[in-house]
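Just so you know, my numbering puts 65 at position 65 of the sequence shown, and the rest follows in order with no gaps.
No lab work stands behind these hints: they were computed from the structure. Please read all numbers here as calculations on a predicted model, not as lab measurements. By construction, the Cβ of each residue, glycine as well, lies at the ideal position given by its N, Cα and C atoms. A couple of the hints might just be wrong.
[What the hints assert, rightly or not] Restraint ranges, calculated between C-beta atoms of paired labels, are given here: (1) GLY232 / GLY86: 55 to 61 Å; (2) VAL107 / ALA28: 20 to 26 Å; (3) ARG100 / LYS264: 23 to 29 Å.
[What the hints assert, rightly or not] Cross-link-like lysine to aspartate or glutamate pairs, in silico, EDC-like; alpha carbons within 20 Å at most: (4) LYS74 / ASP38; (5) LYS269 / ASP141; (6) LYS269 / GLU165; (7) LYS196 / GLU184; (8) LYS39 / ASP283; (9) LYS39 / ASP238; (10) LYS27 / ASP70; (11) LYS27 / GLU69; (12) LYS196 / GLU179; (13) LYS39 / GLU165; (14) LYS196 / ASP260; (15) LYS196 / GLU165; (16) LYS196 / ASP166; (17) LYS87 / ASP38; (18) LYS74 / GLU129; (19) LYS196 / ASP242; (20) LYS74 / ASP56; (21) LYS196 / ASP171; (22) LYS74 / GLU47; (23) LYS269 / GLU143; (24) LYS87 / ASP280; (25) LYS269 / ASP283; (26) LYS39 / GLU93; (27) LYS269 / ASP171; (28) LYS196 / GLU233; (29) LYS264 / ASP38; (30) LYS269 / GLU247; (31) LYS269 / ASP257; (32) LYS39 / GLU233; (33) LYS39 / GLU143; (34) LYS269 / ASP38; (35) LYS74 / GLU93.
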Amino acid sequence: MTSSRPRVRKAVFPVAGLGTRFLPATKACPKEMLPVVDKPLIQYAVEEAAAAGITDMIFVTGRGKRAIEDHFDKAYELEAELAKAGKRAMLAELQALVPRGLSFSFVRQVQPLGLGHAVLCARPLVGREPFAVLLPDDLIDAEPPVMQEMVTLYEAGGASVIAVEDVPRTDVQQYGVIEPGPAEGSLVPILDLVEKPRPQDAPSTLAVVGRYVLSPAVFDHLEARTRQNLAGEIQLTDAIRDLLASERAIAFAFDGDRYDCGSKLGYLKAQVCFGRNHPDCGDAFASWLAHATATTPVDRSRGGRMARVASGV
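Required output: the full structure, derived from the provided sequences and hints.
Put into structure tokens, the structure is as follows:
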């Protein structure tokens, strides 16, 4: 069945954050360029958007983020060297970083005024179209990809779609949390959103995570929030809450594993899980990991058990 609703063609990647939780690694390297096995976080997010049929990738950057632009640029010298050396497989992998049919645009967020402000910076490039927002810190392992399912839901129903995950009540103060309405089959309408509620005040344990498909009307609410709150951060959650007064939004509880790569623990978990599943080294890594952790606890002193296992001692 053909829909007259606009297709979701554009994705916004807010990547202007400083990444202070990963200092000193992020002093000169954008946190979005931190690798999980052999691909940076931003690459996973772009691939997820492309799998959803999105063609226009819009990055909201800041000072010190030039490496992201370089990553998605063509590397003529490197490609020439790989071709000269006959490394055809490696050359093909490098060229696949920028698949045909995708465009990449970059806009600066001059002041760190929050996620909502970062999304608003993309307004001139998005225009009056529905659009996706992907936070690279949230690495999601799911099949089919989460954004692909969310785009399908939006194009079928026309309502903004927000990804949610059921979290322990003790953790709700770290998230925006939805107040769910009565389920409509597999869909859950969003009645309200509360930013970082206390556990006893949270309307549910369904927390908003870093995937959105939004109506362009959200820009008007972000603009209004900016005028009202010039001195503070502009929250995307608050603008979506304002949007609910005139438009529907639905929650999408995805089937997959999310890794909060904005935290050291989440990043380490992602390395282990993606490492074990890697087509080149997954089996060998899983075998090493099982051997390294099978007998005694990790010795955290310099040169402890893990170091000895790694060296074969």
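Hints versus structure:
no.	hint	result
1	GLY232 / GLY86: 55 to 61 Å	holds (57 Å)
2	VAL107 / ALA28: 20 to 26 Å	holds (22 Å)
3	ARG100 / LYS264: 23 to 29 Å	violated (37 Å)
4	LYS74 / ASP38	holds (18 Å)
5	LYS269 / ASP141	holds (12 Å)
6	LYS269 / GLU165	holds (17 Å)
7	LYS196 / GLU184	violated (26 Å)
8	LYS39 / ASP283	holds (18 Å)
9	LYS39 / ASP238	violated (33 Å)
10	LYS27 / ASP70	holds (17 Å)
11	LYS27 / GLU69	holds (17 Å)
12	LYS196 / GLU179	holds (13 Å)
13	LYS39 / GLU165	violated (25 Å)
14	LYS196 / ASP260	holds (17 Å)
15	LYS196 / GLU165	holds (14 Å)
16	LYS196 / ASP166	holds (14 Å)
17	LYS87 / ASP38	holds (17 Å)
18	LYS74 / GLU129	violated (28 Å)
19	LYS196 / ASP242	holds (17 Å)
20	LYS74 / ASP56	holds (17 Å)
21	LYS196 / ASP171	holds (9 Å)
22	LYS74 / GLU47	holds (17 Å)
23	LYS269 / GLU143	holds (19 Å)
24	LYS87 / ASP280	holds (17 Å)
25	LYS269 / ASP283	holds (17 Å)
26	LYS39 / GLU93	holds (11 Å)
27	LYS269 / ASP171	holds (18 Å)
28	LYS196 / GLU233	holds (14 Å)
29	LYS264 / ASP38	holds (18 Å)
30	LYS269 / GLU247	violated (37 Å)
31	LYS269 / ASP257	holds (11 Å)
32	LYS39 / GLU233	violated (31 Å)
33	LYS39 / GLU143	holds (18 Å)
34	LYS269 / ASP38	holds (15 Å)
35	LYS74 / GLU93	holds (13 Å)
Violated hints for the displayed structure, listed by number in ascending order: 3, 7, 9, 13, 18, 30 and 32.
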